[in-house]
Amino acid sequence: MKLKIGIFFGGPSREREISFAGGRTVYDNLNRRLFEPVPIFVDSAQNWVLLDWQYLYKGTIRDFYPPVDTLPSSPHDFQIYAESLALADTDAQQALLAQIGQPLRKQDIGQYIDLAFLALHGEYGEDGQLQYELEKLGIPYTGSGVEACRIGMDKALQKELMLEKGFACPKVEVITRSAWVQADVNALYEKAKADIGFPLVIRPANQGSSIGVSIIDAETGLAGFETAVNQAFFRQLLTLEDWQQKNPAQRVAYVRQLSDIRAGLGFPLHLTLGSERQTIYHPEDLLTYLNEATESAAYLSQYVIIEGQHSEERVILEAFIRGKEFSCIVLRDEAGAALALPPTEIVKGGEVFDYRSKYMPGLSRKETPIKLAAEKIHAIRKECERLFDELGFHVYARIDGFYAEDGQIYLNDPNTTSGMLPSSFFFHQAAEIGLNPSQFLTFIIRQSLWERLREQPGQTHWMSMLTQLDERIRHIHTTKAGTRTIGVILGGYSFERHISVESGRNVYEKLSGHERYEPIPIFLTGQDDHHLLYQLPINLLLKDNADDIRDKIANWQSHPVLDEIRQAAQALTSKYAAKEVVFAPQP
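Going left to right, the sequence shown walks through residues 1288 to 1874 as our numbering numbers them.
Quick caveat, the hints were computed from the structure, so don't treat them as lab data.
Warning: the hint list may mix true and false statements.
Straight line, CA to CA, 20 Å or less: simulated EDC-like cross-link-like pairs of lysine to aspartate or glutamate [said to hold, decoys possible]:
#1 1458 to 1477
#2 1345 to 1789
#3 1480 to 1460
#4 1635 to 1654
#5 1635 to 1835
#6 1458 to 1447
#7 1866 to 1850
#8 1423 to 1738
#9 1658 to 1632
#10 1291 to 1315
#11 1533 to 1477
#12 1669 to 1851
#13 1611 to 1700
#14 1345 to 1364
Estimated spans, in silico, between C-beta atoms of each pair [as the list claims (entries may be wrong)]:
#15 1393 to 1355: 23 to 31 Å
#16 1589 to 1506: 26 to 34 Å
#17 1506 to 1652: 25 to 33 Å
In this text the structure is predicted, and so the values were computed from the model without any measurement.
A virtual CB, placed ideally from N, CA and C, is assigned to each residue, including glycine.
Model the full structure from these sequences, guided by the hints.
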């Protein structure tokens, strides 16, 4: 009998769009011979809805929710999230959700799913809240437990714990929101300049995806420092004179940028002008408010304090680290040991591996493993494994860091979850040990059941689920009855070759989770009069683009560090992957 896997995605955080896209990836890749996927969309009020499948393939959440017939008039075509409807009443929220699926009562979730796969990010996903709710409901879930999630969410707390446990940390200071609002900004700036120096990294303590992060130098000055800290607290100061000087198109563009929950502040917004304070829910209302306030103002030197409801209570100031930036996925294997996958070097155009660089194809490159000597790569892996254990993480984690110019290893961002887009480190590094996304998700689900049983050994139903899952995994690898092998040809040599790779990957992933098909990726290269075809190993299929794949084939060589890690992961690979894993391109 298949396990019903509830895929929780969306949520209230600033990373909800990444969660939405990641949930779709999980839905597409779950092995239908083992699992029945159940898409559970979490709205911004933390309600759950069994989402109608067609909405999974919308570009963004705002393309389907709130439903178009519930949207207030917007002459400037502003897109909004459900918060802008200001529905405080639970019945009204449920009625809205009923237009995109079946609203679920949390206490009834056990009727719909056997296990929760958490593809949520940030608040109500990584902070332990949802994990706690699921534990109370008796539902096993993927990833780390409540306490580890609390640590993984709070970057300020992480810094304290890492220093206590002997990990290298750059110079750090933490500013609270209340202290900042009342502070002498110049004094804080001078203190940061003296104690930490430049370049200075300024970032929120509880955000992921590099949201709200700035790097400033001495030339930025006091004004740039103040702007960057305000940005990390998700607040802006706007003088009425600045607003007056904007033309109508610039005013609309400003409000539109402010509406973006990732790059701006998002709605609702709390506005303070003098002694007056009010909350504004819709971009059109903000536009009207600023226009009217400017027209009626006695002094245009007055400024409006604009603060996002999705705010931040602490901001971290830390020294900039010069060196190679990396990200490393660490797993808990079936023997209970931490296993670091090959760390990936992030080769980017700017200093910050920001939201766009992380999730927009072509804005950064990934090199796996990081370009360092073997002993240095293993030193990074060992330090990542140690942090995984010291912080009590379960199943998997993504640990970011820097290999500094002086050889020091800095781990600066341990995460209890990872982005789950096809191009993410999560799948990219699993491919280096021979697991395609579908197989890796099976490992995550199986290992999460095992971890939950370690925490609650008396759950006999969970033990039965684990036993049955292990039996079914063995069965699908010992029989090919009813499955057809499908070659997915991608690449080519036209100017559309990169699009072909993206499309081919998409087809491969959908087929790899299908009950009746076993896809094989085949890369086409050459020229009009001479075609070359290669069966790709999964790690090449997930490279950045067609040219990267072509160059890797043309200059193929085995990397000794990858060989060692594959050997260490052999038991895992042999259980979850096909019998004959291809690690080199085959003509």
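So, going through the hints one by one against the coordinates:
Pair hint residue 1458 plus residue 1477 holds up; C-alpha atoms about 15 Å apart against a cutoff of 20 Å. Between residue 1345 and residue 1789, the direct Cα distance comes to roughly 17 Å. Compliance with the 20 Å bound is thereby established for this hinted pair. Restraint check for residue 1480 and residue 1460: satisfied, since their Cα atoms lie roughly 11 Å apart, inside the 20 Å limit. Proposed proximity of residue 1635 and residue 1654 is supported: the alpha carbons are some 11 Å apart, at most 20 Å.
Our distance criterion of 20 Å between C-alpha atoms is met by residue 1635 and residue 1835, whose separation comes to about 15 Å. Restraint check: the Cα-Cα separation between residue 1458 and residue 1447 comes to about 12 Å, which is no more than 20 Å; the hinted pair holds. Proposed proximity of residue 1866 and residue 1850 is supported: the alpha carbons are some 18 Å apart, at most 20 Å. For the suggested pair residue 1423 and residue 1738, the alpha carbons sit about 16 Å apart, so the restraint of at most 20 Å is met.
Using a Cα cut-off of 20 Å, the hinted pair residue 1658 and residue 1632 holds, with the two alpha carbons roughly 7 Å apart. At most 20 Å may separate the alpha-carbon atoms for a hinted pair to count; residue 1291 and residue 1315 meet this at roughly 14 Å. A hinted pair counts as satisfied when its Cα atoms are at most 20 Å apart, and residue 1533 with residue 1477 does not qualify at roughly 33 Å. Of the supplied pair hints, the one linking residue 1669 and residue 1851 holds, its CA atoms being roughly 14 Å apart against a limit of 20 Å.
A distance of roughly 15 Å separates the Cα atoms of residue 1611 and residue 1700; the hinted pair therefore holds under the 20 Å criterion. For the hint pairing residue 1345 with residue 1364, the CA-to-CA distance comes to about 18 Å; that is within 20 Å, so the pair holds. Taking 23 to 31 Å as the suggested C-beta distance range, the pair residue 1393 and residue 1355 conforms, at roughly 28 Å. Between residue 1589 and residue 1506 the beta carbons are some 29 Å apart, a value that agrees with the proposed interval 26 to 34 Å.
Checked against the hint of 25 to 33 Å, the C-beta distance between residue 1506 and residue 1652 comes to roughly 28 Å, which is consistent with it.
Hint 11 from the list above is the single one not met by this structure.
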